[in-house]
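Engineer: Sequence:
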Amino acid sequence: MFVYVPKDALAQQFTTTRLDMIRPKLTWASIDVFRKRSVTIYSDDDKPLEIRNLYEIPENTKYYITTEYEPLGNKTKQRYRYDLNRSGKELTVSSEFYDNNHVFEIQTMPNEYHVFHSQAKIGNTTTEGMVYLTSERFMFIPQFLQMPYFMNNQEIKMDYMYLIKTQLIESMTLNGTSIVLSMNPFYHPDLPPVIELTFTSQPLVLSFMNSLHSIRFEDGGESPLHKLPANGENVRNSHERVDGIYNPIVELSRQGMEEMYMISDVNAHFKVCPTYPSVLVVPIEMNERMMVNIACFRSKGRIPLVTYYNKKTGAALFRSSQPLVATTFAFGVFKKSESVDDQNYITHIRCDGRDDKSVLIVLDCRAMANAVANRLSGGGTESSGSYKNCIIDHLNLPNIHVVFSAYQKMINGIINRSKKEVSQFYTSVGEWIDILQTINESVCKTCDLLKSGNRVLVHCSDGWDRTPQISSLSRICLDPYHRTVEGFLGLIEYEWIMLGHKFQSRLRNQTKENSPIFIQFLEIVVMLIKKYPNAFEFTPLLIKDLAIESVCPTTGTFLYNCEKERRRYDVCTTRMSFFQYILENKTVYINTNATLNKYNEIETKFEVFEYRIWNEYYLREFDQICISPQK
Numbered sequence: 001m002f003v004y005v006p007k008d009a010l011a012q013q014f015t016t017t018r019l020d021m022i023r024p025k026l027t028w029a030s031i032d033v034f035r036k037r038s039v040t041i042y043s044d045d046d047k048p049l050e051i052r053n054l055y056e057i058p059e060n061t062k063y064y065i066t067t068e069y070e071p072l073g074n075k076t077k078q079r080y081r082y083d084l085n086r087s088g089k090e091l092t093v094s095s096e097f098y099d100n101n102h103v104f105e106i107q108t109m110p111n112e113y114h115v116f117h118s119q120a121k122i123g124n125t126t127t128e129g130m131v132y133l134t135s136e137r138f139m140f141i142p143q144f145l146q147m148p149y150f151m152n153n154q155e156i157k158m159d160y161m162y163l164i165k166t167q168l169i170e171s172m173t174l175n176g177t178s179i180v181l182s183m184n185p186f187y188h189p190d191l192p193p194v195i196e197l198t199f200t201s202q203p204l205v206l207s208f209m210n211s212l213h214s215i216r217f218e219d220g221g222e223s224p225l226h227k228l229p230a231n232g233e234n235v236r237n238s239h240e241r242v243d244g245i246y247n248p249i250v251e252l253s254r255q256g257m258e259e260m261y262m263i264s265d266v267n268a269h270f271k272v273c274p275t276y277p278s279v280l281v282v283p284i285e286m287n288e289r290m291m292v293n294i295a296c297f298r299s300k301g302r303i304p305l306v307t308y309y310n311k312k313t314g315a316a317l318f319r320s321s322q323p324l325v326a327t328t329f330a331f332g333v334f335k336k337s338e339s340v341d342d343q344n345y346i347t348h349i350r351c352d353g354r355d356d357k358s359v360l361i362v363l364d365c366r367a368m369a370n371a372v373a374n375r376l377s378g379g380g381t382e383s384s385g386s387y388k389n390c391i392i393d394h395l396n397l398p399n400i401h402v403v404f405s406a407y408q409k410m411i412n413g414i415i416n417r418s419k420k421e422v423s424q425f426y427t428s429v430g431e432w433i434d435i436l437q438t439i440n441e442s443v444c445k446t447c448d449l450l451k452s453g454n455r456v457l458v459h460c461s462d463g464w465d466r467t468p469q470i471s472s473l474s475r476i477c478l479d480p481y482h483r484t485v486e487g488f489l490g491l492i493e494y495e496w497i498m499l500g501h502k503f504q505s506r507l508r509n510q511t512k513e514n515s516p517i518f519i520q521f522l523e524i525v526v527m528l529i530k531k532y533p534n535a536f537e538f539t540p541l542l543i544k545d546l547a548i549e550s551v552c553p554t555t556g557t558f559l560y561n562c563e564k565e566r567r568r569y570d571v572c573t574t575r576m577s578f579f580q581y582i583l584e585n586k587t588v589y590i591n592t593n594a595t596l597n598k599y600n601e602i603e604t605k606f607e608v609f610e611y612r613i614w615n616e617y618y619l620r621e622f623d624q625i626c627i628s629p630q631k
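The sequence shown lines up with residues 1 to 631 when you count with my numbering.
Everything labelled a hint here was simulated from the structure, so no lab data went into it.
We put the beta carbon where it would ideally sit given N, CA and C, even for glycine.
The calculated lysine-lysine pairs, modelled on BS3-like cross-linking and capped at a C-alpha distance of 27 angstroms, are:
{"id": "1", "residue 1": "Lys419", "residue 2": "Lys409"}
{"id": "2", "residue 1": "Lys598", "residue 2": "Lys544"}
{"id": "3", "residue 1": "Lys311", "residue 2": "Lys388"}
{"id": "4", "residue 1": "Lys62", "residue 2": "Lys47"}
{"id": "5", "residue 1": "Lys530", "residue 2": "Lys544"}
{"id": "6", "residue 1": "Lys357", "residue 2": "Lys312"}
{"id": "7", "residue 1": "Lys311", "residue 2": "Lys451"}
{"id": "8", "residue 1": "Lys445", "residue 2": "Lys311"}
Distance ranges between label pairs, derived from CB positions:
{"id": "9", "residue 1": "Asn389", "residue 2": "Asp265", "range": "28 to 36 angstroms"}
{"id": "10", "residue 1": "Ser383", "residue 2": "Leu228", "range": "49 to 57 angstroms"}
{"id": "11", "residue 1": "Ala373", "residue 2": "Gln424", "range": "27 to 35 angstroms"}
{"id": "12", "residue 1": "Lys312", "residue 2": "Ser418", "range": "50 to 58 angstroms"}
Hey, can you work out the whole structure from these sequences and the hints?
Structural biologist: Listed below in structure tokens is the structure:
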């Protein structure tokens, strides 16, 4: 029911501004459509029409609505009439209490509707206004914008105003009659971290919470927005994937692995590994008993799986979680735990098609001290004593908490960049850049090993954060297919979506597990595109759009944490695919100068000056309205 307030109209919000200069662009906050689930408007012959969205007003037809207000200092209610005329996304409003017609751009979606409204104020401030929830967004409209008396006042001072997608709200915390809304820290630096609202009574704040929960957290913590109509035709079978770009049969053939690997449905009901897909690519010699036993010895049941194979050299890349090598700790001593099946499996992937003297390089993404510390919880890393001809190397990549801390420092530096000296700014962003450099060096090491014909196993603790970063970036560097649009989307679908990166926990819920691991991966892909622009079929625009979609989904592609959860909440049958949208609009993302055949392999070797802020994402134009004295 709302219309847009362009940012140029609010450019001087902290200084006194003549209202008649911005009046034509004010939010249409004085019309009762805001305050009801539906509103009756009338044609000139007084025929009523009930609408719940401005798009339901017939185009180029004059309608009117009347409303009552108490003018300031006058307890006598006065009735005002508004004449309305819609043409596409433009709404023309005229009334007797101001001189000119006002043309507004309708910023709501055609299916957006009222959910909740109430008077409230911003935290402990004196700024009062109206809180609205629609099916799409949260809004706080200051009091003076809602009163016709002020429409002809000559001066205003903007204090607080918010129009924000509800999907950007990560959590809500109740405190008496107040509620604190925590915002997604990964969407944009200009989005405030928290917004506190104070209501006039406990029932009102509880009603707000219930309403917000119904449109933001109802489906297992994900927003039920953008679902397909319940009575509509299903887009796909409930057991299919929402995207379906990656095809294990095609990928087996493309990489020349048919003679060594097979497709297994042992995890069809997610009993072997809840966070792996229902279909796994495993060695032909594997049987169900062995897979179950190996899963019991790997953290979260995440057994080693092949992701890359070079038929000419026999080089192969595998990924997994850590082995559970220390299950008990008593009297200051670790009791060593072993799995014969896990050892045999590691021997098989080391020697398959090779002699017994072949070496397997195990790249543990953690620092050695962290891997040892994980033994207290039963984890750890492989040992050369238990795993023959295995060489263990540690990549020293930080955990999700360190990454999030570095991200926060970088964002604070970006927010306050105009107030900082150059040295202070680079101090703020330095830790984030250091992590990017460490990831790039680790990818270089992985690629060098694979180019030398080695078999490599990569894992961290659970194998769903640092592990996909190294595995997927290595594949992009070594396989030009993954630098095509289809190949890149298929890689993301397999390495990140199917193999259980926790998109919901990492990017869209305020928990201790928040961390921009996937954003970090995308940022390095952008670095590669800028270094080797013609080695990629697509431009950085694709990467930016993927980042935005992963943080604030409009489709089912990045919902939830794993395939099991997506199946539980019927994502396949109720959501559209963002990857399909990309393929349907492929020309928007295509690099017309691409010459992939000239770049069989690329490297993540960057000079110091090539590490820069990802301006296209972090400093893109902000598409929400967030006005406060701090901004």
